[in-house]
Every structure is written in C-alpha cells, then in structure tokens.
Amino acid sequence: MPGQIRAVQVAEGETVTKGQTLVVVEAMKMELKIVAPFEGVVKTVKVRPGQAVEKDELLVEINSDT
1 MPGQIRAVQV AEGETVTKGQ TLVVVEAMKM ELKIVAPFEG VVKTVKVRPG QAVEKDELLV
61 EINSDT
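Be aware that the sequence shown starts at 1, since it is given in our numbering, and climbs by one per residue.
Calculated from the structure, these hints are not laboratory results.
Possibly wrong hints are sitting among the right ones.
To be verified - Lysine to aspartate or glutamate pairs mimicking EDC-like chemistry, simulated, CA-CA at most 16 Å apart:
(1) 43 / 65
(2) 55 / 65
(3) 55 / 12
(4) 55 / 39
(5) 46 / 57
(6) 43 / 61
(7) 46 / 12
(8) 18 / 31
(9) 18 / 61
(10) 46 / 65
(11) 33 / 57
Claimed, not checked - Quick list of the computed label-pair ranges, beta carbon to beta carbon:
(12) 64 / 11: 15 to 21 Å
(13) 6 / 65: 26 to 32 Å
(14) 7 / 55: 17 to 23 Å
(15) 55 / 15: 17 to 23 Å
(16) 65 / 4: 18 to 24 Å
Using N, Cα and C, we set each Cβ at its ideal position, and we do this for glycine too.
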C-alpha cells in the first residue's frame with residue numbers, strides 16, 4: 001500500500017536476521033514494520049526517511065547468507 005518512509009533501521013553491508021525490522025512505513029495513519037524475510041546481508045537500501053513509496057516498490061535488497 002502507498003505510504004511514507006518513517007525510519008530506515010539498516011544500512012548497506014549490515015548483516016540482518018530473520019524478523020529484524022528493516023524499514024518503518026506510515027500508511028493510513030498506521031506504522032508498519034517491514035521485516036527481513038530471511039538472514040542475510042543488506043545489499044542496497046533504496047529509500048530514505050520522508051520518502052513517499054508506492055505499492056510493491058522495492059525498499060531494501062538483501063543477499064542470502066547461503
């Protein structure tokens with residue numbers, strides 16, 4: 001769903017665990033935590049706080065550890 005980035009909680013090159021919060025998006029006056037679906041290393045962060053985002057937009061790329 002469309003929204004606005006409230007917080008980016010990871011950086012490129014950072015190792016993340018499954019379930020770790022990556023980005024917080026505000027949509028329809030609710031804050032939604034976008035979490036890592038698996039363990040890995042953040043390849044790219046494509047958003048910044050305050051940025052408007054659309055449905056299905058890529059926010060963060062993660063490379064799997066495997």
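Hint check results:
1. 43 / 65: holds (12 Å)
2. 55 / 65: violated (27 Å)
3. 55 / 12: violated (23 Å)
4. 55 / 39: violated (24 Å)
5. 46 / 57: With Cα atoms ~9 Å apart, residue 46 and residue 57 stay inside 16 Å; holds.
6. 43 / 61: Measuring from Cα to Cα gives roughly 5 Å; hence the hint holds.
7. 46 / 12: Holds. Residue 46 to residue 12 sits at ~10 Å (cutoff 16 Å).
8. 18 / 31: Violated, at about 20 Å.
9. 18 / 61: holds (14 Å)
10. 46 / 65: violated (20 Å)
11. 33 / 57: Roughly 15 Å separates the two Cα atoms, so the pair holds.
12. 64 / 11: 15 to 21 Å: Taking Cβ atoms as reference, residue 64 and residue 11 lie about 18 Å apart, which means the hint holds.
13. 6 / 65: 26 to 32 Å: holds (28 Å)
14. 7 / 55: 17 to 23 Å: holds (20 Å)
15. 55 / 15: 17 to 23 Å: violated (29 Å)
16. 65 / 4: 18 to 24 Å: violated (31 Å)
The structure fails hints 2, 3, 4, 8, 10, 15 and 16 (numbered hints given earlier, in ascending order).
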